[in-house]
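Asker: Given next are the chains, with one letter for each unit.
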Amino acid sequence: MDNHFSSADLEFQQEVRAFFKSAYTPELQAKVESGEDHKSVAIEWQTKLNDQGWFAVDWPVEVGGTGWTPVQKFIFETERCEAGAPDVVPFGVKMVAPVIFTFGNDEQKKRFLPRILSSEDWWCQGYSEPGAGSDLAALQTKAIKDGDDYLVTGAKIWTTYAQSADWIFCLVRTGTFEKRQQGISFLLIDMKSEGIQVNPIHSIDNHHSLNEVVFDNVRVPKENLIGAENQGWTYAKALLAHERTSIAGVADSRRWLREITDLAKQQTNYKGKLIDDPLFQTRLSDIEIELMALEYMELRVLAKLSSGETPGAESSLLKIKGTEIQQSLQELRMQTIGAYSGSLHLDNFESDLHRRGSNSRRAYMYGRAATIYGGSNEVQRNVIAKAVLGL
Amino acid sequence: MNFEYSEEQNALKESIVRWAQDNYSFDQRRVGADSDNGFSQDHYNTFAELGWLSVPFSEENGGYGGSVVDIAAVMEEFGKALVVEPVFPNLILFGGLLERSTNDVIKADLIPQIIDGSLMGAVAMYEPQARFDASNIATTATEAGDTYSISGHKSVVLGGAHAKKLIVVARTSGAQTDEDGLSLFLVDADASGVEVNAYPLMDGQQVADIHFNNASGQLISDLGNASLAIGEVLAIAHVALSAEAVGLMSVLNRTTVEYTKTRKQFGVTISSFQALQHRMVDTFMSYEQAKSLLVGTLVELTDDRTTPERASKMVNALRTLIAKNGKHIGDEAIQLHGGMGLTDEMNIGHYHKRMMMINLMFGDGDFFQQQFNQEAYAS
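Protein chains in written order, with the numbering used here: chain A, 1 to 391; chain B, 1 to 379.
To be clear, the hints were calculated from the coordinates, so they are not data collected in a lab.
All figures in this text were calculated on a predicted structure; none of them were measured in a lab.
Don't take each hint at face value.
[What the hints assert, rightly or not] Quick list of in silico lysine-lysine cross-link-like pairs, PhoX-like style, CA-CA up to 25 Å:
| # | chain 1 | residue 1 | chain 2 | residue 2 |
| --- | --- | --- | --- | --- |
| 1 | A | K109 | A | K73 |
| 2 | B | K13 | A | K304 |
| 3 | B | K264 | A | K386 |
| 4 | B | K13 | A | K386 |
Please put together the full structure from these sequences, using the hints given.
Answerer: Structural data, given as structure tokens:
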């Protein structure tokens, strides 16, 4: 037993660390933290990553990716969080691209992948529907053949950044079979198409990132179909498994824990420092000890991945524990900061504490989504019950 | 990066699994556990023959030279089999302090006897007023010619009922709660001035309160300087108990899942109810957390880059989590077994009682979490 990286991996770690130090400049950091003009700031950061060749972390080399090992990806992600740098917007590079390069044809790869790499195309995900959430196979958006096209009618919901997306990748129903999972196809739809309406959904974080996307006889050329008709469920499932492995968020949680600990050294409680309050200490260590366990859970999965095993229900476990820890940290961060955590201000802050307070409110409120998206934690428990416990 | 036991460690584990399958069913175990002795000397002799008792001892003392990972590998399997024979008090506590003794003659004499199974020893350390504080020692030792004269009261001495030799932690200087001023003494259990009041614990351990009244003891540590050795032995003991607890948890979970697949109510097996499935997923996650933190602790304790502060943090975190998750798993096992969970004939109650006893040994969860807090946060 040991937790040592190879010397090559340690060199890689140094290289990544140095990159983040020079590339994630204070100016960029200020823009990210202001929360303004999310899209252009994200494009600026993603372009920097792409110039370095480190944007498409999960892609194979042949299609312009890094071809990194699981350990290299882990190191990259850890160093990114240590540097406080933002994650990339996942819908293009992490979500649709793997489906395109795995199941798409050469023409589709040539057409879409370069524009994802350059952040020219902005994607959103059309899976959930008003009547199909955790039970995704209940989806009813229909795509009916009409000559060389499909006509798509229906509605997608919880579509993050649909308001600024150029494309949406959708699961649509193209056939009716006894098994609901059959008859679903994977379709790429231009958001500028006639008949698409984006209705904003304002969320409890007083922000607009979610939308409903309504399709009314939207004409989609059949060259936008990925793989074979009625096989879309298989492609999407491969993608969902990926979504779950990156969801534990260990390195991000560690950074939050550090921030809370540092804040608690400055904040007071009665006549002493908050960090010396035994009740506060216990709330903090409840979380830290779980996080220490999660770190080794993730490393154990990583070691398995490195030796060629594919992760199964472990990703469900990481998702449940990871998101529970994130939410506990979000709550404790608000309490540590105090009443500023209720602030709705997005600029003109009284102080750094005021800014952190407002951020912590947004993080807490939107953070409720983490136990819901990517397969709710209850659905993950069903997965573990079936796959691991044989129930 | 590798978080699995080595081939040798797996072979060691496998030998315990095979022995337990053939010789240590729940009913076979009870023959020894329910006897006056409280365990089976025959089984204990088999442990010696199979070499398991040599694992923690250094090669120069005739042992296997095992690391804390080897110890954990053995203890995890002993936990699964719910071994009641007093391996832990004899090897990890008594043997551990003996190995750190400054008296080479005594080491050379006694360690081989532990390894061949002929000697039972115990460590008399904790006292009634001290609860979990290992340095709150009122027992005193004063020089009396070539030996020392020891007086005091030691409580819940693990292995104390059978021990022929005792290592007594006694104060030779300083105030009652000082870490300095503690020394180790070897005392014959049948010496004059030693009164052993034996009683069983709920997990089947045969322990004793021991009263020393001017009993004669031989100094086996540097005078007044035993706290380092005690700390080292306790750290290994914490990991050993945690490994045993992880073994207990795995059996509690497995047994409970199997039970719900056979128990029928409302015309179906109760494993089909989502309310119960999710509870079993939660206990599975509790186990995976504990196992992962155990592995992490083993990896870091055997890494020479690990600072003493980090090692202490890992051990305190581990025992805090083991206490919390062990109780969670044990309580749920009983609840999901329903009325059957309360019966003495089912093994899960016995596993749970061992789990609860581990959570009272050398500290409970709050005790370890408070130490964690002190070291990690206090300004």
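Asker: State for each hint whether it applies.
Answerer: Consistency of the hints with the structure:
Taking the CA atoms of K109/A and K73/A, the gap is near 23 Å; set against the 25 Å cutoff, the hint holds. Only pairs whose Cα atoms come within 25 Å are accepted, and K13/B paired with K304/A is accepted, the gap being roughly 21 Å. Restraint check for K264/B and K386/A: the C-alpha separation of about 19 Å stays at or below 25 Å, so the hint holds. The suggested pairing of K13/B with K386/A is violated, with an alpha-carbon distance near 29 Å, which exceeds 25 Å.
The earlier numbered hint that this structure contradicts is number 4, and it is the only one.
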